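Colleague: Chains as they are written, first to last, in our numbering: chain A, 1 to 178; chain B, 179 to 468.
Please note that a few of the clues may not be correct.
Unchecked claim - Now the in silico label distances, taken between C-beta atoms and shown as ranges: (1) GLY354(B) x ASP122(A): 47 to 57 Å; (2) ALA242(B) x GLN115(A): 33 to 43 Å; (3) GLU204(B) x CYS98(A): 26 to 36 Å; (4) GLY203(B) x ARG134(A): 24 to 34 Å; (5) GLU427(B) x ARG125(A): 34 to 44 Å; (6) ASP370(B) x GLU121(A): 51 to 61 Å; (7) GLU75(A) x ASP370(B): 30 to 40 Å; (8) ASP205(B) x THR155(A): 51 to 61 Å; (9) PHE335(B) x THR4(A): 50 to 60 Å; (10) ALA80(A) x PHE335(B): 24 to 34 Å; (11) CYS98(A) x TYR180(B): 39 to 49 Å.
Worth flagging that the hints you see were computed from the coordinates, not collected in a lab.
From a predicted model like this one, the values you see are computed outputs, not experimental measurements.
Don't be surprised by glycine CBs; every beta carbon is placed ideally from N, CA and C.
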Amino acid sequence: MEITMTVNGVAHKDDVEPRVLLADYLRTRLGLTGTHIGCDTTSCGVCTVLMDGTPVKSCTVFAVQADDTEITTVEGLKSADGLHPIQKAFKQEHGLQCGFCTPAMMLVGKALIEQNPDPDEDEVRWAISGNLCRCTGYVNIVKAIRAAAAESRGTADEGPALVDLTNEPSPTVSAPVG
Amino acid sequence: MYPPKFDYAAPRSLDEALGLLSDRGEDVKVLAGGQSLIPMMKLRLASPAMLIDINRLPGLSEIAESDGYLRLGALVRHNDVGNSDLVSRRNPTMAAAAPWIADPIVRNRGTVCGALAHADPLGDWASVMLACDAEVVATSASGQRTIPMRDFITDVFTTALREDELLTEVRVPVSGSRTGGDYQTLERKVGDYATAAVATRLDLDEDGRIVGAGIALTSVCSINTKVTEAEALLIGQQPSTELFVEAAEIAARTATPQDDVRGPAEYKRDVVRVFTRRGLATSLELAQAG
């Protein structure tokens with residue numbers, strides 16, 4: 001079946017079998033492997049993408065259902081101006097450990113902030129309650145989403161301003177001796 | 179995981195959808211939110227030959243009040259209910275249940291009517307609708323009929339819908355301002371089925387007497403169960419703690435819970451007793467605040 005989908009601002013026209021899931025279409029056909037597949041049974045939320053701005057589990061939507069929609073994946077967060085505030089915040093607040101849930105957490109965080117510019121801790125925890133972090137690193141994920149909200153409001157007074165560290169040299173780590 | 183192959187249609191009009199249903203009814207599943215159906219297809223527990231995706235049908239996404247009913251169209255998502263001012267003003271039982279369906283991302287996609295048609299015996303919405311004396315509207319190429327909720331779910335994953343019918347609306351009667359309701363639920367974690375849950379509704383007259391009552395149980399009977407004996411006990415009475423305790427005893431006795439990973443049967447029966455009493459107390463407060 002022929003579909004047209006705008007993914008991260010780029011229109012894609014494709015012929016897909018109806019049973020192809022959106023997650024697989026994004027990963028295998030478009031090569032956008034930032035969308036992860038975890039449980040594959042609608043439980044863990046790591047495959048979350050934004051469909052017309054709303055978080056959906058892409059393992060539980062057929063690609064044909066996304067015909068004529070706009071999809072945002074983690075690859076679409078960064079712009080010409082650098083990292084998105086939510087990405088900067090996850091970096092600064094160390095909102096990730098293994099990184100597997102991170103794309104979904106950032107997209108859910110972005111959608112939340114657009115609806116609610118000043119979420120308190122409970123509201124953030126409620127919003128991410130469909131997303132599992134296998135490292136159980138929720139404390140810093142919550143901090144990161146709140147920091148991104150503060151940055152987006154222009155009131156990042158709860159901590160140091162977020163900086164884009166993309167082009168800074170990585171700190172040198174010495175191997176332990178002996 | 180991939181489901182088996184299927185034909186797919188995304189009709190743009192209700193007539194087109196109903197035509198497809200009457201032509202291919204036997205092998206068809208209707209796809210609305212898909213949050214239960216798609217996982218079942220991936221696990222090969224369901225393998226319909228055709229999916230009719232109704233997400234592009236116009237006019238089915240509305241929550242509206244008319245002719246004495248609060249109406250939810252077939253494409254109203256769980257989160258639409260949770261975010262609706264109209265629902266929170268007019269039906270506190272629904273408003274209380276909406277935030278506990280699945281998880282926030284599933285709620286963006288899954289639909290109330292889809293959940294009712296799916297008839298998962300551990301589903302929440304059927305109990306809400308039983309407590310609220312809802313009706314579902316079944317539409318086919320040959321006409322339309324309404325089915326009272328108490329006759330709709332006939333068995334596990336089985337409803338009174340015919341193969342050529344589409345569930346286009348669920349509606350609940352709207353009573354006066356003195357109505358209250360609640361949905362008490364216990365879940366091990368977000369996204370899990372309820373260990374036990376109780377939907378309640380109370381309507382009061384001007385003297386504060388109970389003129390309408392609804393109680394229904396989730397996860398503690400083979401299907402969602404309306405506790406008509408307790409409802410009959412409440413109607414016509416002045417509300418009191420003793421009355422609610424008695425109704426809660428009837429609800430606990432009506433439950434037929436099983437031992438499973440979510441807990442032993444006797445524990446669940448106790449939860450039903452406590453939740454019925456609490457749910458009625460909260461319903462009363464809301465109705466009196468009306």
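Colleague: Could you tell me which of the numbered hints above are not met by this structure, giving the numbers in increasing order?
Modeller: 1, 2, 3, 4, 6, 9, 10 and 11
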